[in-house]
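All chains, please: the whole structure from these sequences, using the hints.
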Amino acid sequence: MVRRGRKLGPPVRPEDSPVIFAAVVLGETGLYKWQMKALERAARGKRVALRAANGSGKTDKVIGILALWFLWRFPRGRMPITSGSWRQVKNQLWPALERHRNNPSLAGWKWLKNCRVETPEGGFIEGFSTNHAGKAEGWHGRVTDEFKDERKEQEEEDPRSEKKARLFDADEFTGDDPSSPVFFVVDEAKTVPDEIFDAIERCTLQFCIYLSSPGKPEGQFYRCFHEEKELFCPMVVTAFDCPHISQERIDRILARVGGNEDDSYYRSVVLAEFTLEGDLYIIDPGKLEWGQRQPYEPRRGRPVAFLDIAAGGDETVLAICDGNEVWIEYAERQRDTVQSVRKCIATLKGLGIADCDLWVDAPGMGLAVISDFNESGWYPNEFFGNNPPEDRDRYINLSAECWNDAGLELMTGRVHIRSRLPDKKLYMQLTTRKKEYADDSRLRNEKKDKMKARNLSSPDRADALLGAIWASFRGVSGVWTGEGNRPIVGKSQHAVKHTGKFYPI
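Numbering of the sequence shown is given in the numbering used here, commencing with residue 50 and proceeding in unit increments.
To be clear, the hints were calculated from the coordinates, so they are not data collected in a lab. Zero decoy hints are in this set.
Below, a list of computed lysine-lysine pairs in the DSS-like style, where the Cα atoms sit at most 27 Å apart:
hint	residue 1	residue 2
1	K496	K484
2	K265	K496
3	K265	K474
4	K484	K239
5	K82	K278
6	K473	K496
7	K473	K501
8	K501	K278
Cβ pair distances, simulated, as ranges:
hint	residue 1	residue 2	range
9	T78	Q296	17 to 25 Å
10	R348	G307	32 to 40 Å
11	E279	Q383	24 to 32 Å
12	G79	D311	29 to 37 Å
13	D300	A502	43 to 51 Å
14	D243	S490	33 to 41 Å
15	S490	R305	27 to 35 Å
The C-beta atom is built at its ideal place from N, Cα and C for all residues, glycine as well.
Laid out in structure tokens, this is it:
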């Protein structure tokens, strides 16, 4: 049966596609889907960040093919390939290139011993390892008008592509010189210092790809998947995406850690997650990433709000949790508490949330804000982080219980963060607060003055978000203790005033 209405484009040539080049010129067939995606995305000028499990074949099947395709496509092109160690360049990268040195399609190329390949036209591939930013500077590509036209066609054919994740801008080049683009490759990027990446950013590149197995949740490679992910095309490859990695091998790794799939070694080697040795942070970055990647269907419930009040130059944050979704409604610096209260009330009325389902962080400025709410006829619940927790055997106070229990909801994927825009600040706040142990071995949160000493800001957004989750899954609302007057606020018959505090059910 012939399908109608679909136009067939011209045949794809090897020079247009590294996947076709690999099959036709190099005889490399049987590439995995993720390998083909990485090759094609990088060849189209996307800033690719590829995080892959150990033994996935990223150096051989991705860097090796890309390097040879690039020099074959652009004989005057220049491809610097750096890594955190010379051993990686010499023992992994060079063999991936050299095994094709006798290919007749690459005749005339010079294969030098110092991990360098040269073309008769002056192009080259150069592998090197350096800790000096100066060696990574000074790479500036030049392209012709023909190359610019090809890139424009690719943009039109791929309308879903993110322009921020692309390196090439036709307006940056005059087209006066023969094409001599630069393709910068960073292998085992987790071990490369940030100074090298800063130097790379000062170069004029047409192609770029960062590849590595996962490491600690820090550094530029880590930021490619989190704070700066909108600037890259991030890809994650687990051992399960690589058919050559047998289930038997995966089972051996799992057995090595006692069958614990939450073990940092298993999550790093098999699941390609950023991990830390030991139990350091309240919310583990790798587990948070895994939980938020899990598919889910939005499930509505009774929406609950949590307001974290600013102190000094910090932010006032309103977070909402509705069913299995949570989000930051707004975050702003507002010193006028009366305006903060009025905006909060107007926002919640628009969302149909009554005062009985609003919690306010009461310590500090919170008590004054509570009074402002009361003057407006609203009687929200008061959250005192130093109050006793429900699980007194495990946590030292309510704040520790809130962070740990609500954080678990995010790490398991039972609650998902609904993001309207990438929120770098929220993610950093969630994943950088350490857990501590009191004298009696109960858990407590790292104090904010210690976080400040580590150059971290006050976790206002994280406090509000986790507070909303805690209030939602605990099913709590204010209850009257019998003291004072019980007001009727708006449509709510549940909000009740207490002369001192509100207590959870």
